[in-house]
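> So the chains spell out like this:
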Amino acid sequence: QQPVQSPQAVILREGEDAVINCSSSKALYSVHWYRQKHGEAPVFLMILLKGGEQKGHEKISASFNEKKQQSSLYLTASQLSYSGTYFCGTEITDKLIFGTGTRLQVFP
Amino acid sequence: ETGVTQTPRHLVMGMTNKKSLKCEQHLGHNAMYWYKQSAKKPLELMFVYNFKEQTENNSVPSRFSPECPNSSHLFLHLHTLQPEDSALYLCASSQRTSTDTQYFGPGTRLTVL
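Taken in sequence, the protein lines are chains B and U.
Residue 1389, in the numbering used here, is where the first sequence stops; the numbers in between run on with no holes.
Residue 201, in the numbering used here, is where the second sequence stops; the numbers in between run on with no holes.
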């Protein structure tokens, strides 16, 4: 039931782009994305609903493909502040199940 | 205070101790959650409360006992824990359902000796 995220870790230079994927074996109603910086609480980024809607948050956007049961998070022109662990949360029968997490490190 | 607060932030306890974690939300939300986060593991949902009623117990051992006296407060009572229970315990709240945006507290770092 737990969604699988890939890659597990990403290392970037400032200004580079990255894509984080989240896949589920179950039908999805929505996908949530959170970011957790080291030593801090997870912080909500965005929700994507059924319909393949693409959303954006500054230079971070995401897509949701309900047929493929997956979502992708796109980080464009990464900044140092993007460093942290990204979690997707998938809605399955009125419950949010979080993925395994992707650790992103951005270096100057 | 705003948002979701948790106390204590750090806790060290022996296996025979009894302690409690406290969570308070100042957002007017009706749903509250306990999560466990271990090293290199995803967020594991433990309990869900909706309007003070427990709606989810994710097969959590009975040595963890939640309590929700009102919509703003959530406790996690701990007794006879095991070393493998050492983890970061996160509290979260949301407006209504489990699929509304969740706001997390800073967590309690628990170490069981």
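Simulated from the structure, these hints should not be mistaken for lab results.
Please read these numbers as outputs of a predicted model, since none were measured by experiment.
There could be a bad hint or two in this list.
Across the chosen pairs, the derived CB separations fall in these ranges [what the hints assert, rightly or not]:
| id | chain 1 | residue 1 | chain 2 | residue 2 | range |
| --- | --- | --- | --- | --- | --- |
| 1 | B | 1298 | U | 168 | 29 to 39 angstroms |
| 2 | B | 1319 | U | 189 | 21 to 31 angstroms |
| 3 | B | 1358 | U | 143 | 36 to 46 angstroms |
| 4 | U | 147 | B | 1389 | 18 to 28 angstroms |
| 5 | U | 165 | B | 1298 | 23 to 33 angstroms |
| 6 | U | 129 | B | 1349 | 38 to 48 angstroms |
| 7 | U | 96 | B | 1360 | 10 to 20 angstroms |
| 8 | U | 102 | B | 1388 | 40 to 50 angstroms |
| 9 | U | 185 | B | 1344 | 33 to 43 angstroms |
Mimicking DSBU-like on lysine-lysine, the simulated pairs with C-alpha atoms at most 30 angstroms apart in a straight line are [unchecked claim]:
| id | chain 1 | residue 1 | chain 2 | residue 2 |
| --- | --- | --- | --- | --- |
| 10 | B | 1307 | U | 106 |
| 11 | U | 140 | B | 1349 |
| 12 | B | 1340 | U | 129 |
| 13 | U | 124 | B | 1307 |
| 14 | B | 1307 | B | 1376 |
| 15 | B | 1376 | U | 107 |
| 16 | B | 1376 | B | 1349 |
| 17 | B | 1376 | U | 129 |
| 18 | U | 140 | U | 129 |
| 19 | B | 1348 | U | 129 |
| 20 | U | 107 | U | 124 |
| 21 | U | 107 | B | 1318 |
| 22 | B | 1307 | U | 107 |
| 23 | B | 1307 | B | 1318 |
| 24 | U | 106 | U | 124 |
| 25 | B | 1318 | U | 124 |
| 26 | U | 106 | B | 1349 |
| 27 | B | 1376 | B | 1318 |
| 28 | U | 107 | B | 1331 |
| 29 | U | 110 | B | 1349 |
| 30 | B | 1348 | B | 1331 |
| 31 | B | 1307 | U | 110 |
| 32 | B | 1340 | U | 140 |
| 33 | B | 1331 | U | 110 |
Which chain U residues face chain B? A few, computed with CB under 8 angstroms, are given here [stated by the list, open to error]:
| id | residue |
| --- | --- |
| 34 | 126 |
| 35 | 130 |
| 36 | 155 |
Where is the CB? At the ideal position from N, CA and C, for every residue including glycine.
> All the hints need checking, so say for each whether the structure fits it.
Structure-based check of each hint:
no., hint, verdict
1, 1298/B x 168/U: 29 to 39 angstroms, "violated, 49 angstroms"
2, 1319/B x 189/U: 21 to 31 angstroms, "holds, 22 angstroms"
3, 1358/B x 143/U: 36 to 46 angstroms, "holds, 42 angstroms"
4, 147/U x 1389/B: 18 to 28 angstroms, "violated, 45 angstroms"
5, 165/U x 1298/B: 23 to 33 angstroms, "violated, 46 angstroms"
6, 129/U x 1349/B: 38 to 48 angstroms, "violated, 26 angstroms"
7, 96/U x 1360/B: 10 to 20 angstroms, "violated, 33 angstroms"
8, 102/U x 1388/B: 40 to 50 angstroms, "holds, 41 angstroms"
9, 185/U x 1344/B: 33 to 43 angstroms, "violated, 24 angstroms"
10, 1307/B x 106/U, "violated, 39 angstroms"
11, 140/U x 1349/B, "violated, 37 angstroms"
12, 1340/B x 129/U, "holds, 27 angstroms"
13, 124/U x 1307/B, "holds, 23 angstroms"
14, 1307/B x 1376/B, "holds, 12 angstroms"
15, 1376/B x 107/U, "holds, 28 angstroms"
16, 1376/B x 1349/B, "holds, 20 angstroms"
17, 1376/B x 129/U, "holds, 19 angstroms"
18, 140/U x 129/U, "holds, 28 angstroms"
19, 1348/B x 129/U, "holds, 27 angstroms"
20, 107/U x 124/U, "holds, 16 angstroms"
21, 107/U x 1318/B, "holds, 28 angstroms"
22, 1307/B x 107/U, "violated, 38 angstroms"
23, 1307/B x 1318/B, "holds, 28 angstroms"
24, 106/U x 124/U, "holds, 18 angstroms"
25, 1318/B x 124/U, "holds, 17 angstroms"
26, 106/U x 1349/B, "violated, 47 angstroms"
27, 1376/B x 1318/B, "holds, 24 angstroms"
28, 107/U x 1331/B, "violated, 43 angstroms"
29, 110/U x 1349/B, "violated, 40 angstroms"
30, 1348/B x 1331/B, "holds, 10 angstroms"
31, 1307/B x 110/U, "violated, 34 angstroms"
32, 1340/B x 140/U, "violated, 38 angstroms"
33, 1331/B x 110/U, "violated, 36 angstroms"
34, 126, "violated, 12 angstroms"
35, 130, "holds, 5 angstroms"
36, 155, "violated, 21 angstroms"
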